[in-house]
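2 protein chains.
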Amino acid sequence: MNDNRKLPKLPSIKRLPSYLHELKILRDNDQQVVSTTHLAQKLGLEPIIVRKDLELASSPGSPGVGYSIQKLIEGIENFLGWNDENPVFLIGVGNLGTALLGYKGFSEYRFNIVAAFDNSPDKIGTTIHDKPVYDIERLAELAEAMQVKIAILSVPCEFAQKAADHIVKSGLRAIWNFTNTPLALPPEMIQQRVNMAGDLAELSVKLSGKMWDNVDI
Amino acid sequence: MNDNRKLPKLPSIKRLPSYLHELKILRDNDQQVVSTTHLAQKLGLEPIIVRKDLELASSPGSPGVGYSIQKLIEGIENFLGWNDENPVFLIGVGNLGTALLGYKGFSEYRFNIVAAFDNSPDKIGTTIHDKPVYDIERLAELAEAMQVKIAILSVPCEFAQKAADHIVKSGLRAIWNFTNTPLALPPEMIQQRVNMAGDLAELSVKLSGKMWDNVDI
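Sequence lines, in order, name chains A and B. For what it's worth, numbering that gives the first Met the number 0 labels the leading residue of the first sequence as 0, then goes sequentially. For what it's worth, numbering that gives the first Met the number 0 labels the leading residue of the second sequence as 0, then goes sequentially.
Calculated directly from the structure, the hints in this document are not laboratory data. These numbers come from a predicted model, not from an experiment. Possibly wrong hints are sitting among the right ones.
Because identical chains cannot be distinguished in the list, a pair is counted as satisfied if it fits within a single copy or across any two copies.
As the list claims (entries may be wrong) - Within a straight-line C-alpha distance of at most 16 Å, the following computed EDC-like cross-link-like pairs (lysine to aspartate or glutamate) qualify:
{"#": "1", "residue 1": "K103", "residue 2": "E157"}
{"#": "2", "residue 1": "K23", "residue 2": "E157"}
{"#": "3", "residue 1": "K161", "residue 2": "D198"}
{"#": "4", "residue 1": "K130", "residue 2": "D29"}
{"#": "5", "residue 1": "K8", "residue 2": "D198"}
{"#": "6", "residue 1": "K103", "residue 2": "D164"}
{"#": "7", "residue 1": "K103", "residue 2": "E76"}
{"#": "8", "residue 1": "K13", "residue 2": "D134"}
{"#": "9", "residue 1": "K161", "residue 2": "E76"}
{"#": "10", "residue 1": "K8", "residue 2": "D164"}
{"#": "11", "residue 1": "K23", "residue 2": "E73"}
All chains should be modelled from the sequences, with the hints used to inform the complete structure.
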């Protein structure tokens, strides 16, 4: 609120991990610098967009030389707060929850599911994909002890709001919502929704030809 | 292109499954009609937005009476083309792919993963979560035989583009891309991306306080 820098745009933010991904591949291939053109091609973007996006990482490229890959990686990680490990809890070890516990793709971005929670006696006390499953009643206690601020919500949708209320009361600050249910949350709580059903709807409408364009709607 | 109706707005389309979800719960509780206000509350939206969204389903509500739940369900399913089963292929039976094969949440929207494909001899010929795994070389043949137009892409990201090219050549029309990699595709191909890393980036930036608002950016 007391910050008068220009607000970063959401699409730019959402593209940053794709840059990070490409840049790390280049670094692993012992490259030092990269051009806007190369990144633009790799990500299917206009060079002007790439330049704008990378302003967020505050590492201006030099014309004719390009960007320092290492500096750009650090700049992006710094901007996103991804230079440290981000511990995350997962709430609801059903079908999707179990899947997410086993998914290794988050670790590239240093998001680490450190524990899971459920209310089923069959699951509490077990280990799934090397992650301990605790009683949901211990959420507040363990969130404080392990300094976790983010919860992945993957309970069946009929329990989504109740579980969300419990997460709020337990002092976490953000919910990454994988259920099909939008959540009513206090305004200070951050909600990020993975709306897979919404994606399916968009895809269906595009397939049916009811939307004209693939990209810019 | 030759259609001069007003174009549906993407956010409205993405919300339709949430309406569908609520409406089916109401129907299962033997309700006949629903008010805009009720739906607005349930989905955390303004009533005016609900009314606009539901225009897509072309079932005008009557003032003071509300919407016929059954007609609304039919209208939405019809608009989305969800009144029939939608067969889908899954490409890449790794960690995430296996998870998606076991995920039951798609069936609510009549999306049904009918088969999976991989190039690993260890996986070809097996059955995972009751879905057969075929050799990726058989993709074109089976897409035609089973009339499948949509592929879920869940290969490791270094193979994403190659697999996508193969999907295009095999005659499918849409890719639901769960990899971390944006794809270069011919313009007639429909791409829907699940950008989980982008979601994580958005969530991180919101947590850091670099974005002011939770909703309308």
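Hints, verified against the model:
no., hint, result
1, K103 with E157, "between (28 Å within a copy, 15 Å between copies)"
2, K23 with E157, "between (41 Å within a copy, 12 Å between copies)"
3, K161 with D198, "neither (25 Å within a copy, 23 Å between copies)"
4, K130 with D29, "neither (35 Å within a copy, 41 Å between copies)"
5, K8 with D198, "between (21 Å within a copy, 14 Å between copies)"
6, K103 with D164, "neither (28 Å within a copy, 25 Å between copies)"
7, K103 with E76, "neither (19 Å within a copy, 35 Å between copies)"
8, K13 with D134, "neither (34 Å within a copy, 34 Å between copies)"
9, K161 with E76, "neither (34 Å within a copy, 28 Å between copies)"
10, K8 with D164, "neither (30 Å within a copy, 31 Å between copies)"
11, K23 with E73, "within (11 Å within a copy, 48 Å between copies)"
Hint compliance for this structure: hints 3, 4, 6, 7, 8, 9, 10 are not met, and every other hint is.
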